Each structure stands twice: as C-alpha cells, then as structure tokens.
Amino acid sequence: MFIIGERINGMFKDVAKAIKEGDKAIIQDLARQQMEAGADALDVNVGPAPEEPLRAMEWLVTTIGEVTDAPLAIDTTKFEIMESGLKLCKSKGIINSTSGDKEKLDRLLPLARKYNASIIGLTMNKSGIPQDAQSRAEIAAQIVTSAQEQGLAMSDLYIDAVILPVNVAQDHSREVLETIRQCKLLCDPPPRTILGLSNVSQKTLDRSLVNRTYLAMAVASGLDAAIVDPLDKDLMNSMITAELLMGKQIYCDNYLQAYRKK
Amino acid sequence: MEKATEKWASKVNEVVIGATQKEGGTRSSLIKIGGATTLPFLHFEGVIPNPPAIAMEVWDIEPDDWPAVLKEPFRDTLGDPVEWAKKCVDEYGADLLCLRLASTHPDIKNNSAQDAAATVKKVLEAVSVPLIIIGCNQAEKDTEIIPAVSEAARGENCLVGIAVEANYKTITAACQSDGHSIIAESPIDINLAKQLNILISDMGFSPEKIIMHPATGALGYGLEYTYSIMERSRLAALQGDKMMSMPMVNFVGQEVWRVKEAKTSEQEVPEWGPIASRGPLWEVTTSVSYLQAGADILVMCHPKAVESVRKTIVDLMKKE
Numbered sequence: 001m002f003i004i005g006e007r008i009n010g011m012f013k014d015v016a017k018a019i020k021e022g023d024k025a026i027i028q029d030l031a032r033q034q035m036e037a038g039a040d041a042l043d044v045n046v047g048p049a050p051e052e053p054l055r056a057m058e059w060l061v062t063t064i065g066e067v068t069d070a071p072l073a074i075d076t077t078k079f080e081i082m083e084s085g086l087k088l089c090k091s092k093g094i095i096n097s098t099s100g101d102k103e104k105l106d107r108l109l110p111l112a113r114k115y116n117a118s119i120i121g122l123t124m125n126k127s128g129i130p131q132d133a134q135s136r137a138e139i140a141a142q143i144v145t146s147a148q149e150q151g152l153a154m155s156d157l158y159i160d161a162v163i164l165p166v167n168v169a170q171d172h173s174r175e176v177l178e179t180i181r182q183c184k185l186l187c188d189p190p191p192r193t194i195l196g197l198s199n200v201s202q203k204t205l206d207r208s209l210v211n212r213t214y215l216a217m218a219v220a221s222g223l224d225a226a227i228v229d230p231l232d233k234d235l236m237n238s239m240i241t242a243e244l245l246m247g248k249q250i251y252c253d254n255y256l257q258a259y260r261k262k
Numbered sequence: 263m264e265k266a267t268e269k270w271a272s273k274v275n276e277v278v279i280g281a282t283q284k285e286g287g288t289r290s291s292l293i294k295i296g297g298a299t300t301l302p303f304l305h306f307e308g309v310i311p312n313p314p315a316i317a318m319e320v321w322d323i324e325p326d327d328w329p330a331v332l333k334e335p336f337r338d339t340l341g342d343p344v345e346w347a348k349k350c351v352d353e354y355g356a357d358l359l360c361l362r363l364a365s366t367h368p369d370i371k372n373n374s375a376q377d378a379a380a381t382v383k384k385v386l387e388a389v390s391v392p393l394i395i396i397g398c399n400q401a402e403k404d405t406e407i408i409p410a411v412s413e414a415a416r417g418e419n420c421l422v423g424i425a426v427e428a429n430y431k432t433i434t435a436a437c438q439s440d441g442h443s444i445i446a447e448s449p450i451d452i453n454l455a456k457q458l459n460i461l462i463s464d465m466g467f468s469p470e471k472i473i474m475h476p477a478t479g480a481l482g483y484g485l486e487y488t489y490s491i492m493e494r495s496r497l498a499a500l501q502g503d504k505m506m507s508m509p510m511v512n513f514v515g516q517e518v519w520r521v522k523e524a525k526t527s528e529q530e531v532p533e534w535g536p537i538a539s540r541g542p543l544w545e546v547t548t549s550v551s552y553l554q555a556g557a558d559i560l561v562m563c564h565p566k567a568v569e570s571v572r573k574t575i576v577d578l579m580k581k582e
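Chains A and B, in that order, are what the protein sequence lines are.
Numbering follows the numbering used here, in which position 106 of the first sequence is assigned residue number 106; successive positions increment by one, without gaps.
Numbering follows the numbering used here, in which position 10 of the second sequence is assigned residue number 272; successive positions increment by one, without gaps.
In isolation and in its complexed conformation, chain A is listed as follows (with noise of 0.2 Å):
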C-alpha cells in the first residue's frame, strides 16, 4: 500500500498555527513522524486560512524538503499554486487532484508530464458526485483515456472514487468498493487507485475504527493507495493485517514488524 500522510494540512489547528508563524519545526517533526509511522509521500495542503496561499504552498513545500526525500502531494485546487508546489518538489510530485472535468483534464495532465509528477483523478465532475459505481467509473474512464492521450503512464495514474461520510451517505460506501474493482478492469495495465480515506468518518463517534475498517475492505477490493494519517498506529496495523490476508506479503509471527522494516 503506497501511503500518503494526510497530516500537513492547514485543516488542523497546528499546521495553521505554524503556517501562520512561520514555525518550522512544528511542520518538519510532521512530516518526520509520519514517514517514521510509514509514509511513502506527503500530503500537502495550506487550508483555507492563508492570505498568501502561494507563499504558504512553497514554504511548506521548502520546509519539508529540508527533513525528508519524500514525494509531496501538492493538495490544491488553484493551478498556480499546483505549479509552484510542484516546480520546488525535491523528488516526485503528485498532483491533488483533477476531477474528471476536461478543461481540468487538459491544464493538470500535461503539467503531470512536465513535472513528471504522478496524478489523482477524482471520479466527479461539474455535476458532482455520481451516486454509483457505474457513473463513477464511467468518469474514471473518460480519466484513463485523456491520460493515455497525453502519454501519461497508468503507474503515474491514481484514481480516487471519492467516499462520503458514512453518517451522510451511507449507500457510498459500497458503491466506492465496487468502482474500485471496476477501475482495475478499465486498461492493461491499470491505473492505480486510491482514496481519501478519513472523509468515510467525518463526524463519526469513532473515527478510526471507521477508517481503519473501511481501509481493510477496500484493501480486498483492490486499492493500490491512500491517503490517511500514519500516525494512527491502529490503523496501520488493519492495513498492514489486511495486505497480509490478501496474499500480499509472506505471513511471519512478527509481520506487523516485517512490514515496517521494507
């Protein structure tokens, strides 16, 4: 499972603060934990407090790479702010995120190319986001095709279904598993997949035992990647437990242990 730590990002009080007062150790201790918790990448979101959210998007980006290699997802919905995250990336860049709309498609995926950066779609669109499976994998389609188009290999693709809160939308969840399947039948090879695990449990009473147990099912139906917090020790072990019940890793008494050594 390629794990991208949600962390950094200006939603928690913490990220904003040291956004705000320029407190690099806050954000590095950040991102250090979070790939000592087994991070493979970053995410990297300045929330919605800046008033300068160019500048908060390059020094977090500036701040992190002084810590850590990793690759950054640069979390942003503004394509200026996409570009600079990505242009001072110290290794890969992964642009978050493109929905499934062609004016998107047409801006993002080629600065995927340029940057050499992998790129999350999410399977909605102007219209929102579809009820089903099919619709959605419909939109993940139109995704896969236009990546194709602009030479984007499928490794480089992430396609991420788009779960809503369970206490909200209910019947989503299922539908997301199955377009996770779906999504594996689109191409050979296929694009990768991926989720924003913790919207599932917004406002949930226990949130990560609804992430951790949802993360588990869509580990059976397929799911290449997520983006979760690492810190969540519970969490990581279901992932790492479910992995290991799919054949994913050879089973020794201390495979939780063999995990965290790769």
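If you're looking for bench data, these hints aren't it; they were derived computationally from the structure.
Do not rely on the hints blindly, as some may be mistaken.
Stated by the list, open to error - Computed list of lysine-lysine pairs in BS3-like fashion (alpha-carbon distance at most 25 Å, straight line): (1) B:Lys573 with B:Lys333; (2) A:Lys92 with B:Lys269; (3) A:Lys92 with B:Lys504; (4) A:Lys90 with A:Lys102; (5) A:Lys184 with B:Lys348; (6) A:Lys248 with A:Lys184; (7) B:Lys525 with B:Lys581; (8) A:Lys261 with B:Lys269; (9) A:Lys261 with B:Lys504; (10) B:Lys348 with A:Lys92; (11) A:Lys248 with B:Lys383; (12) A:Lys92 with A:Lys184; (13) B:Lys265 with A:Lys184; (14) A:Lys233 with B:Lys504; (15) B:Lys573 with A:Lys261; (16) A:Lys261 with B:Lys431; (17) A:Lys126 with A:Lys104.
Claimed, not checked - A short list of chain B residues far from chain A (calculated; beta carbon distances all over 10 Å): (18) Trp270; (19) Glu324; (20) Lys333.
Bear in mind the structure is a predicted one, so any value in this text is a computation, not a measurement.
The beta-carbon is built from N, C-alpha and C at its ideal position, and this holds for glycine as well.
Here the structure of chain A is known, so what remains is to put chain B in place on it, guided by the hints.
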C-alpha cells in the same frame, strides 16, 4: 514471438564472503553472490551480476558414513582438514570451501570449542580462499563452539552457521562481533524463514549479511518442497520484501550422499548402473535443480559433480 518480461521492484541482496588484506583479512580472493534483479538466469529480463558459487565440503574428521566412491577422491587427506582443504583448492579448483566441524558433535568425538577454533586457524593459514564454517549441526553444541570458531576467524568475513531458532542469539552475537555473515536455517517453511530473518536482524545484525538455508532435500527426497519455497522466497525478494531478500544456500552434498541411490553398490542393485557415476550424477541433478530454484551457493562434495555443475553455471550465465 514477443518475450513476456516482468519488471521487478527490487533485488536480491548482494553478499561478499571473504576479506583480502584491503578489507582487513588474509584471503587472496573474494566470493560475491546475489544481486540479481530477476529470476534465475533470465538474462533478457534483468541483471544477474554474480554467478552462483560452489563451496566444496571439508570435514575436520574422516566421515564414517561416506561411501567409497566419495572417499576415493580425497584419500590420503581424510581426517586431515588442512590437506583436504589444500586438495580441494589445488587439485579440484575450489574457490570457496565449507569447513564442517563434525568432530565436535557429542555423538561423534565431542571435540571442544578450542579444538574447533584451532582447526579453523590451521585451515585459514593453509588455504587463501574464503571460508564457510559450520558447526556440527547440533543446535546446543554449536552455541558452544561457534563463538570460539568465529573469534578464531575474526576479520576474515566468513559465512558462519548454522543459526536455527533454538540458537540464533548466540550465533548472531558471535558473527556480529567478529564481522562474519550468517546462515539462517529454517525447516522448509517460508514463514519460519522470514521470522528467523526478523529475529536475527532485530539483534542489530545487518539483513545484508544473512544467507538463508531453506533446508535442502535431495532429488527424490523432497527436493520439490524446498524448490517451491525457494521460488516463493525469490519472488518475494524481487517484489521488495526486505526480510526475504537474502541469498540462499543449499547443502546438496550432505543430503545426496546419504540417499540409497548414491550409496548402494552395483552388486546389490545392478540395474541402477555403475556406482562410480551414479552418486555424482545424483549430486549434479540435485544441484542444477536448485540453481533453477534460485540457489546462490551450493555446498557440494564430489569433485566430478562439482566440475560438471561448474560448467553448467558457466553455460547458464551466458547471455545468449
């Protein structure tokens, strides 16, 4: 026809056995194994930087259960590990030896750790090729002798063993302090193999200095069980499982020369053909099978078998 190739994410660890003066030892050459980025001999798919190595067995006593056909090539030297080692190197062209300290076994001579250490020193002085050193394969006794043996070979970067679940702590600590690589053995069980690798590396021992022995079965005696375990191990290594990325060793000679097909005289079973070639052929066939399963080191006995497998390796390493 198009060749279907696979692009693997990772590779087998590369391990060096031996240390020349430059590395603080006294060997005149080194043996490098592992490092492959593909399955055995698929040169069109990946890189195989090092050929599999063959180590010839040298015992510290005369083996009492070897058939005459196996004793014959070493006559005059049996019981004298120094002369035996020299013969392997000078006459049979060995570039790696496996010194087996069988005399320390409680049921054989129960020789002491000091005796064993002295033997190791003498052999290291007599020959300059790298050494694999193993105890008597009795877990408890090996914990007594390996620390002394390991210290006697300090700085020579030997491959020392055999560590099993029951004794790995002592053997790992010895190898760690004296700079040797280690053989980690598990009973034809991939899960236990991985677990032992974790336990050993948890002691601070570098996973890059572990060689796995998945246990060896002779042809007709469980070869295919080991074979499939080795295949799975190799696939896991190529897929990036760091706790399964170790090169593998097979003790082929030890297994082959105790099966009846290699030992029974032609007077007893005329239809099996001449004993002079039957045993060596059994050893060759077993060895070559393990090469295809992913063996990085074959520990062998009969010089004729060694010669034949050596030629096979040269052929298999040709890229065309």
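Results for each hint:
| no. | hint | result |
| --- | --- | --- |
| 1 | B:Lys573 with B:Lys333 | holds (23 Å) |
| 2 | A:Lys92 with B:Lys269 | holds (20 Å) |
| 3 | A:Lys92 with B:Lys504 | holds (23 Å) |
| 4 | A:Lys90 with A:Lys102 | violated (29 Å) |
| 5 | A:Lys184 with B:Lys348 | violated (60 Å) |
| 6 | A:Lys248 with A:Lys184 | holds (17 Å) |
| 7 | B:Lys525 with B:Lys581 | violated (37 Å) |
| 8 | A:Lys261 with B:Lys269 | holds (22 Å) |
| 9 | A:Lys261 with B:Lys504 | holds (7 Å) |
| 10 | B:Lys348 with A:Lys92 | violated (55 Å) |
| 11 | A:Lys248 with B:Lys383 | violated (46 Å) |
| 12 | A:Lys92 with A:Lys184 | holds (24 Å) |
| 13 | B:Lys265 with A:Lys184 | holds (24 Å) |
| 14 | A:Lys233 with B:Lys504 | holds (21 Å) |
| 15 | B:Lys573 with A:Lys261 | violated (39 Å) |
| 16 | A:Lys261 with B:Lys431 | holds (20 Å) |
| 17 | A:Lys126 with A:Lys104 | holds (11 Å) |
| 18 | Trp270 | holds (14 Å) |
| 19 | Glu324 | holds (40 Å) |
| 20 | Lys333 | holds (41 Å) |
The structure is inconsistent with the numbered hints 4, 5, 7, 10, 11, 15, although it conforms to all the rest.
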